[in-house]
Amino acid sequence: MTEPMQAAETPRGELTVRVNAMPADTNANGDIFGGWVMSRMDAAGGIAGVDRAQGRVVTVAVEAMTFIAPVKVGDVLSVYTEVEAVGRTSMKIHVEAWARRFRTTLHEKVTDATFTFVAIDEEGRPRPVPKSQVLGA
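Residue numbers (the numbering used here): 1376 to 1512.
Honestly, the hints are just simulated from the structure, not real lab data.
Being a predicted model, the structure only gives us computed values, none of them experimental.
Derived lysine-lysine pairs resembling DSS-like cross-links, with alpha carbons at most 25 Å apart:
1) Lys1447 to Lys1484
2) Lys1506 to Lys1467
3) Lys1484 to Lys1467
Work out the full structure: start from the sequences and follow the hints.
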């Protein structure tokens, strides 16, 4: 008798950024540099934050991030975001990075983290996050 197949994990949130991993983005071992992945995650979280805050935001914290699998040259990195919580001036945004492996249909999670963003005004001071989100943002 065979075991029932378990449902594969799927990305959480909305697809916010997609980018190809290129040779210039590698570390000394030929894997994509972890800082490159984190940068794409921060950018995606910033997009979600700007949409929710209806204006400028800055990153103030990143909770623990563990890399589950490497990203390789040729992989397509997809970054998904979901607003988890909204405070008076800050937001917690869950960010996941997934790799579609080069020349395959395999799509696997490589890391995730919760980023905290603060909404700022034109002078760079914290400002309130609007209570409601603009539709279609």
